[in-house]
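Participant: Sequence:
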Amino acid sequence: MAVFFLIPFALRGARLSLEKMKNDVKDWLPDDFTETKDLAWFRDHFLGEQFVLISWEGCTADDQRLQLLSEKLVPTAGEGGDKKFGAQVAGHDENFAGDRYGLYLTGELYENWGGENEKWFKGTGEKWYYLLPDGELRRWNGGSTMLGAMYRIGEQALTGGHKLSGEYAATVDPIYYKRPATLQAHLFKSVVTGPQVLAQLAEPGGSLLRDEENANSADLADADRIAHQRLEGVLFGPDGEQTCLIATLSDAGKVDLRRTLGRGFMGRPLGRLRQLAIEAGIPQEELHLGGPPVDNVAIDEEGEITLARLVLFAVGVGVFLSYLCLRSVKLTIMVFFVGGVSAITSMSLVYWLGSAPDAVLMSMPAVVYVLGLAGAIHIINYYKDAVEENGIHGAAEMAVSHGWRPCLIAAVTTALGLGSLATSNIAPIKKFGIFSALGVMATLLLLFTYLPAALQQWPPKVKKAKDGALQAKSPMTIWMEKFSLRVADFIIARSTVVATACFIAFLIFGYGLTRINTSVQLLKMFDSGSEIIQDYAWLEENIGKLVPMELVVRVEPSLQGHTGDEQPSDPEEAAEEKFKYTFLERMEMAERVQNAVEQVLGPQGRDLVGNGMSVATFAPVLPESGGSFRDVAIRGAYNRRLEEHREEFLKTDYLRTEEESGAELWRVSLRLGALQDIEYGRFVADLREIAEPVIAAYRKRDEILRTIDKDNAGQGFAKAGVTLLGANFMAYKEQADKAEAGEQVVYKLDPQKIYAETLFDLLANARLEVHYFDPIGDSLHPEGNSQGRLDLLMDRDQYFVVVADSPKYDLAAIESAGKTVIDATHYKYDPTSPMFAVTDPDLPELTIVYTGVVPVVYKAARTLLSSLVESTLWAFGLIALVMAWVLKSARAGIVSMLPNVFPVVLIFGFMGMTGIEVDIGTMMTASVAMGIAVDDTIHFLTWFRWGLDKGLSRPDSIREAYRRCAVAMMQTTIIGGVGLSVFAVSSFTPTQRFGYLMVSLLAAALLGDLVFLPALLAGPLGSMFRPARKAHLGHDPSDDEARHDSEEDHDSPSVIPVAIHRSEENHNENGHGDSGKRTDSHYRSGKSG
1 MAVFFLIPFA LRGARLSLEK MKNDVKDWLP DDFTETKDLA WFRDHFLGEQ FVLISWEGCT
61 ADDQRLQLLS EKLVPTAGEG GDKKFGAQVA GHDENFAGDR YGLYLTGELY ENWGGENEKW
121 FKGTGEKWYY LLPDGELRRW NGGSTMLGAM YRIGEQALTG GHKLSGEYAA TVDPIYYKRP
181 ATLQAHLFKS VVTGPQVLAQ LAEPGGSLLR DEENANSADL ADADRIAHQR LEGVLFGPDG
241 EQTCLIATLS DAGKVDLRRT LGRGFMGRPL GRLRQLAIEA GIPQEELHLG GPPVDNVAID
301 EEGEITLARL VLFAVGVGVF LSYLCLRSVK LTIMVFFVGG VSAITSMSLV YWLGSAPDAV
361 LMSMPAVVYV LGLAGAIHII NYYKDAVEEN GIHGAAEMAV SHGWRPCLIA AVTTALGLGS
421 LATSNIAPIK KFGIFSALGV MATLLLLFTY LPAALQQWPP KVKKAKDGAL QAKSPMTIWM
481 EKFSLRVADF IIARSTVVAT ACFIAFLIFG YGLTRINTSV QLLKMFDSGS EIIQDYAWLE
541 ENIGKLVPME LVVRVEPSLQ GHTGDEQPSD PEEAAEEKFK YTFLERMEMA ERVQNAVEQV
601 LGPQGRDLVG NGMSVATFAP VLPESGGSFR DVAIRGAYNR RLEEHREEFL KTDYLRTEEE
661 SGAELWRVSL RLGALQDIEY GRFVADLREI AEPVIAAYRK RDEILRTIDK DNAGQGFAKA
721 GVTLLGANFM AYKEQADKAE AGEQVVYKLD PQKIYAETLF DLLANARLEV HYFDPIGDSL
781 HPEGNSQGRL DLLMDRDQYF VVVADSPKYD LAAIESAGKT VIDATHYKYD PTSPMFAVTD
841 PDLPELTIVY TGVVPVVYKA ARTLLSSLVE STLWAFGLIA LVMAWVLKSA RAGIVSMLPN
901 VFPVVLIFGF MGMTGIEVDI GTMMTASVAM GIAVDDTIHF LTWFRWGLDK GLSRPDSIRE
961 AYRRCAVAMM QTTIIGGVGL SVFAVSSFTP TQRFGYLMVS LLAAALLGDL VFLPALLAGP
1021 LGSMFRPARK AHLGHDPSDD EARHDSEEDH DSPSVIPVAI HRSEENHNEN GHGDSGKRTD
1081 SHYRSGKSG
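The sequence shown begins at 1 in full-length UniProt numbering and counts up by one.
Read the hints as simulated data drawn from the structure, not as lab findings. For clarity, every value in this text was computed on a predicted model and none was experimentally measured. Even for Gly, the Cβ is constructed at its ideal location relative to N, Cα and C. There's no promise every hint is true.
Said to hold, decoys possible - So the derived label-pair ranges between C-beta atoms look like this: (1) R706 x G818: 15 to 23 Å; (2) N517 x L675: 45 to 53 Å; (3) I822 x A574: 41 to 49 Å; (4) T423 x L68: 31 to 39 Å; (5) S833 x P269: 46 to 54 Å; (6) Q676 x V978: 34 to 42 Å; (7) D63 x E167: 45 to 53 Å; (8) E126 x V978: 36 to 44 Å; (9) P841 x K733: 37 to 45 Å; (10) G662 x K20: 38 to 46 Å; (11) E740 x N517: 41 to 49 Å; (12) W113 x P269: 19 to 27 Å; (13) L68 x D219: 28 to 36 Å.
To be verified - DSSO-like cross-link-like pairs, simulated, lysine-lysine; straight-line CA separation at most 30 Å: (14) K72 x K37; (15) K651 x K733; (16) K430 x K127; (17) K430 x K578.
Please take these sequences and the hints and turn them into a complete structure.
Facilitator: Now the structure itself:
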């Protein structure tokens, strides 16, 4: 009764747990990881990383639905919003209770629960709020916990209702009581459309046409062309017509992405964005969405859809197979009750313990289900043995007395194996380990309480054989038992060959473990025919690439030059002013990084990224570099003009100022192809190789200027002669000329080129006389690297900056001539250098922060591999300790672990050898496999040791273990494995891989326990498993009966008396072994049936 009383709590907890499911790649890594810190810091300052791109066929500037949807997503400026450079940003009223508390309706309108005609909302942190008719909003004091629920059930039973108890939160207009939907928090923070930004850039008065009075048609056409070039692949498609909206989510919108973007599956309402699209006249089948939040909600939905579609099918298959094996409706129901309730309980624990499930944790009930089945099948087989030997009376107690010890040890060791996943730094893996371990231990409550009670209350029908003996086993079970004994004889007779073959396979596939690759790319989780993949394919073909990679150039205040009206009065500070960067020069930092990346990785290079976005995207065309009087004048005018519009640039999502430090944050936003097979680790390394030389050039520029200024006694550096040595400037110039002439140029990754060109321009902007000596040159310009040119530069310039060493010049000779040589060769990105988190106190004055989804995913992939190794080692060590303790021998414990790790080595080694990547949905199956294998190993060794304790030879002990356990092992593999194999047809890749991996691992575990382990026990290593005590031959059988009467309720199978005469008779009938040499009275101490 207690079990049935608690089942509703388990069902409710499981349902509420599923409602809280959330997937966000940021939450996968610990908060103290550099990548996680950087992404959190980025999200604190910028909106656009969590963007949703929205488009449909025919979405052009002429489509009225575009503007209509934009206005529905975010209110117009006149209603409290704000215009920010083409983007409509929602006004944030701190007094609006909906936004302050993140209020939302749950889909069902809960009313009058407490008898005060109140209406209920949920808010931030899953807290409940209720609104009274007079407009008073209160935060409910109750909690959604098991104790809270039990208290409220008791309260209702005693008082007939519930008593409201809540803290005052706010007072709102009573109109919200009549229209509660209007009190919900705003889900969207900002929205921008392609035509809006295009107008901001290209229309008269826009960034590209400030002089609207004198602009002619040619100017308008030129501005329109430049604007389209900048926005192509971001807000406009390749045809220049197809466009889109980009919306960002508010904090309330991020709480439940399915409420914001969901497709309305599993009884949930359609997401708010999709509802608004329908209201704007856009059919759902034409709507295409992309972006990180869309990925996350798709994972949530696909996980739930998979469960809904396949769980019942899997259970149906399992029930059919179970009945086929057990030949009893009652036993089948009992087995699946244990497995099903165990799975439901494990999921309910997630909710009751205050956590939330994710895509990985959705596989956890299946694991607990299989392990629950395994325990139940073992107990039922012990029950059948007891029935055949002693009758139905007392059979349930005998089954538990036989099985409690191996089941307990198996559950503990399995829980330790799964719990080892808690050492992982990846949150979904950690949660899987913790809750699956708790779920496995929870199955013991059902195995030792419900199952024996059910067997006692509803015993299955037992047939009588021709000789009058009870026959509880089905024909299939009897056939499987005979088959297992034939396998036992085969292995015992050829133990050396079998063990050697298993060791060879162990070593071969063990080598494959060294070649394992990991991947956590989100879109690889979906089938090619899924809606999200189809949407991404359409969007990337018609708009542009979608996976965000963010770079932020961070400039400390010490490098920021003052405006013309804010010149410092302090002499020392004024002296530093000449080294600082103007607003134009700081904007150029971001533009140079963007241009360098686009040249190498964009369409002109490897085509890995599309057009980037930065503040320069919204600015006029920036002036050329140069130090002449004309160049200085033009650049000064541009700088003043840009500074006048600084506040406008701050309203874009590409420039921010840190409040505490005052550092400027210049964002460069890149987009990668979502459906391209990009190796993120290599991409991030290449990105650093491209961007870091730009920053290195700025740092070297400061060093050079300070050197010259010091030589001039603080009088400045203008007009100083500088020669750059070592770079292939002629080739750079020739490449630039071709590109300017419209010729096709393929750019390759060349850090020296990026560094040298940037440094040349920076020194020229500082009004130095800059020259170069190209030691490589080319056949068209041999004078570029002639000795005559070097002599000329020696006469002209005082400072020689060495970008690269070359035998064409002698640095010692240059120094001996009185020249100053400055080493500038240390500019390449060093992958071994430590990564700075943006929160580090010793962060350089000028640095680039690399963040976004890509670095986090790459870090997760690396962490996944280390977690796989670490958790497997922990599982091995912990289980080995338990096995050594159980077997009373460290050597025996180590030997017993060989078949336990056999399935892991076999399956994961095969994956490594064949190039199948380990993803976040399959990594934890290594510990699962070890847990399943050790479950069977414990049962097999228990009965093997029992045979040794009773004086049986090792071969006969192996046969007895086969007779006792092999059928249950095979039934578990058939019922659980084939039942879970239906997940292999899922369209959700993690579930699909989990399905076929579980089948493979169950089969490999069976192979390890019924082939490898017996071969080891029959060979020389089996001598380590010595009997705990010698059997005494020739004694009176009545002594056994007396001992049994006093110990039957307490002893484990190592001392529990069990009849083995049927095994011996069957064995002798087949003409194998020497069991017939002994009489069963020597080993049987149980009472006759």
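Participant: If a hint holds in the structure, say so; if it doesn't, say that too.
Facilitator: So, going through the hints one by one against the coordinates:
1. R706 x G818: 15 to 23 Å: 20 Å, holds
2. N517 x L675: 45 to 53 Å: 19 Å, violated
3. I822 x A574: 41 to 49 Å: 26 Å, violated
4. T423 x L68: 31 to 39 Å: Taking Cβ atoms as reference, T423 and L68 lie about 52 Å apart, which means the hint is violated.
5. S833 x P269: 46 to 54 Å: 50 Å, holds
6. Q676 x V978: 34 to 42 Å: 37 Å Cβ-Cβ, so the 34 to 42 Å window holds.
7. D63 x E167: 45 to 53 Å: 48 Å, holds
8. E126 x V978: 36 to 44 Å: At roughly 39 Å between Cβ atoms, V978 and E126 fall inside 36 to 44 Å, so the hint holds.
9. P841 x K733: 37 to 45 Å: 43 Å, holds
10. G662 x K20: 38 to 46 Å: Holds - the Cβ-Cβ distance for G662 and K20, about 40 Å, lies within 38 to 46 Å.
11. E740 x N517: 41 to 49 Å: Holds, at about 43 Å.
12. W113 x P269: 19 to 27 Å: 21 Å, holds
13. L68 x D219: 28 to 36 Å: Holds, at about 32 Å.
14. K72 x K37: Since the Cα atoms of K72 and K37 sit roughly 34 Å apart, the hinted pair is violated (cutoff 30 Å).
15. K651 x K733: Distance ~37 Å between K651 and K733 Cα, so the pair is violated.
16. K430 x K127: With a Cα-Cα distance of about 26 Å, the restraint between K430 and K127 holds, given a limit of 30 Å.
17. K430 x K578: Cα-Cα ~53 Å, so violated.
Going down the numbered hints, you'll see the structure goes against 2, 3, 4, 14, 15 and 17, while the others check out.
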